[in-house]
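K.L.:
So you can see what is in the structure, the chains are spelled out below.
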Amino acid sequence: MSEVLQSLAGAMQADVATLRTISQNIANSSVPAYRRQIALTPSFEQLLPTSAAQLSQPPSVRDVVAIDRTAGTLKSTGERLDLAIEGDGYFVLQSAQGPRLTRRGDFRVSAAGMLAAASGEPVLGSRGPIEIGTGIPTVLGDGTVQIGDSVIDQLQVVQAPDASLQYVGNAVYVALDTDLTRLEQPSVRQGFLEAGNVTPVQEIVQMMETMRHFETAQRLLLGYDELQQRAISELGRTDQ
Amino acid sequence: MFEVLYVGASGMRSQQLHIDTIAHNIANLNTVGFRSGRLSFAEVTAAAGLQGSQHGAGVVANVVPSSAAGELKQTREPMNVGIAGPGFMEVVRPDGSLAYTRAGQLSVTSEGLLAMEGGAPLSARIQVPSDMRELRIDPDGRVSVLAGAEQDSVEIGQIELVTFTNPGALAAVGDNLYSAPLEAGEPQAGTPGELGLGTLRQGFIEGSNIELTDELVTLLLAQRSFELNSRVIQAADQMLSITNGLFR
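Residue numbers (numbering that gives the first Met the number 0), protein chains in the order written: chain A, 0 to 239; chain B, 0 to 247.
Don't read these hints as lab results, they were simulated from the structure. Because the structure is a prediction, the values reported are computed rather than measured. Hints should not be assumed to be uniformly reliable.
[Stated by the list, open to error] Listed next, the stretches of chain A that the computed footprint assigns to chain B, with coverage defined by at least 3 CB atoms under 8 Å from CB atoms of chain B: (1) 2-15; (2) 133-139; (3) 149-158.
[What the hints assert, rightly or not] Reference excerpt, derived from the structure (chain B facing chain A, CB under 7 Å, subset only): (4) Glu2; (5) Val3; (6) Ser9; (7) Phe40; (8) Glu42; (9) Thr44; (10) Gly55; (11) Gly57; (12) Val58; (13) Thr162; (14) Gly167; (15) Glu182; (16) Gln187; (17) Thr190; (18) Asn228; (19) Met238.
The C-beta atom is built at its ideal place from N, Cα and C for all residues, glycine as well.
Work the whole structure out from these sequences, hints included.
P.N.:
Given below as structure tokens:
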């Protein structure tokens, strides 16, 4: 009897999780190269109990989140150390746990004079971290970094199959299968930054949808509760 | 318990900082040598426990000065000096600490030292004779004067320029001055004209690097984004109220 209550409560919890991903998307809409997260709810077939044993367990709500990998638009910033990749590919960052991939290109020069991400990890070129020092770098379309007329290094721009990429936050990914293939002809733009791919309309519409669904589930719950109340009072009458 | 509220609040807080920064930029449109602030946003995630999965916990933002130089404007004022290049001039603040500036409006202190308009003397401690008739600053930083009845100019000092590996980490301390925290890297001093420092231009002054149209467009975006985040908080509040309505 209580599984109706259970599954409705489960549906409401799933709505809370969906609202959380929406809020995260909206809060992070200004993060360069941010990728929209989509809350996934399990399909009806997955939730449909197929045996009596399963019937007694309410469907569990897990927050499964997928990443929308559509590229954001490039916007001109005019900053020398803002780089964007046109088309496919990721920049490679060095971290203590191995290489990290990102399309977020608002780089800076660290105190040690190395090209680094906004979060501090060095950006890797074909020969390791790229030393800029106090020089004024020019980045060519193929990722070659020059200071004055001398070539310093070439930025590593790699590709990895989508399935192997795990999102670790702040527009950064880990490639779980370590085979990174370097792009033959990357297209890097200096003075541009890739925006996040959050579209307010999509988020607001999804928010409306979630709110109404939540409300519906609440009404259903109340209705069911009333039904039970009636059943108890009507069926329990002894004065007939 | 209800993270949505906090995520929405972090979004509003960072957009508030964005709007504040834009207001500060626009207010300083005519400030000599002013560098506009830009916002750097970063996503915050929290481990959700199971299988190392993560879920969103909001956003943080901090202000980074933009590195673009403002335009050099001719003023024909001998006490104005602009820097054509990325270097900074080093001055001593009243508390003895060093600070850096690009706002080259010079003055002379009561002790006769060459100083910035705000009164902070150049760290090179250039003593100007009290009967000075004319001050000359060469592109390579040599300072010479014509004083008293003399016919020939006398060299009285040398202005040096300083660069940093990470000028983005310089912190504004008011009076057009910046202090250099450790993250900015070791200050590297040199004679103007050396590679990567730039030269001095007497009679010029650097305007702010504010692009008004850019600021206004960003302001619109920041305002709307602030609003959008507030809607999320409203939705979360509504959800809580619906939940409370369950029990009658």
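K.L.:
Look at each hint and say if it fits the structure.
P.N.:
Cross-check of the supplied hints:
1. Note: the segment 2-15 of chain A has 3 residues with beta-carbon separation from chain B under 8 Å; the three-residue rule is met and the coverage holds.
2. Check result for the segment 133-139 of chain A against chain B: holds, 3 residues qualifying (beta carbon to beta carbon below 8 Å, three or more required).
3. For the segment 149-158 of chain A, the stated coverage by chain B is violated: 0 residues have a C-beta nearer than 8 Å to a C-beta of that chain, whereas at least 3 were required.
4. The interface hint given for B:Glu2 holds, since its Cβ lies 6 Å from the closest Cβ of chain A, which is under the 7 Å cut-off.
5. The restraint placing B:Val3 at the interface with chain A holds, with a minimum CB-CB distance near 5 Å, inside the 7 Å limit.
6. Evaluation of the B:Ser9 hint against chain A yields a held restraint, the C-beta minimum of about 6 Å falling below 7 Å.
7. Against a cut-off of 7 Å between C-beta atoms, the interface hint on B:Phe40 holds, since the closest Cβ of chain A lies about 4 Å away.
8. Because the closest C-beta pair between B:Glu42 and chain A is about 4 Å apart, less than 7 Å, the hint holds.
9. Annotation: B:Thr44 was flagged as interfacial toward chain A, and the flag holds, the nearest CB pair being 4 Å apart, inside 7 Å.
10. Checking B:Gly55 against chain A by beta carbon gives a least distance of about 3 Å; that is within 7 Å, so the hint holds.
11. Given the 7 Å rule on beta carbons, the hint for B:Gly57 holds: about 5 Å separates it from the nearest Cβ of chain A.
12. Nearest Cβ of chain A to the Cβ of B:Val58: about 4 Å, under the 7 Å cut. The hint holds.
13. Evaluation of the B:Thr162 hint against chain A yields a held restraint, the C-beta minimum of about 4 Å falling below 7 Å.
14. A distance limit of 7 Å between C-beta atoms decides the matter here; for B:Gly167 the minimum to chain A is near 5 Å, and the interface restraint holds.
15. Taking 7 Å as the C-beta contact cut-off toward chain A, the hint placing B:Glu182 at the interface holds, the least distance being around 5 Å.
16. Interface restraint check for B:Gln187: the shortest CB-CB distance to chain A comes to about 6 Å, inside 7 Å, so the restraint holds.
17. For B:Thr190, the interface hint is violated, since its Cβ never comes within 7 Å of a Cβ in chain A; the closest pair sits about 14 Å apart.
18. Interface restraint check: B:Asn228 against chain A, minimum CB-CB distance 6 Å, threshold 7 Å, status holds.
19. Nearest Cβ of chain A to the Cβ of B:Met238: about 6 Å, under the 7 Å cut. The hint holds.
Against the hints set out earlier in the document, violations occur for numbers 3 and 17.
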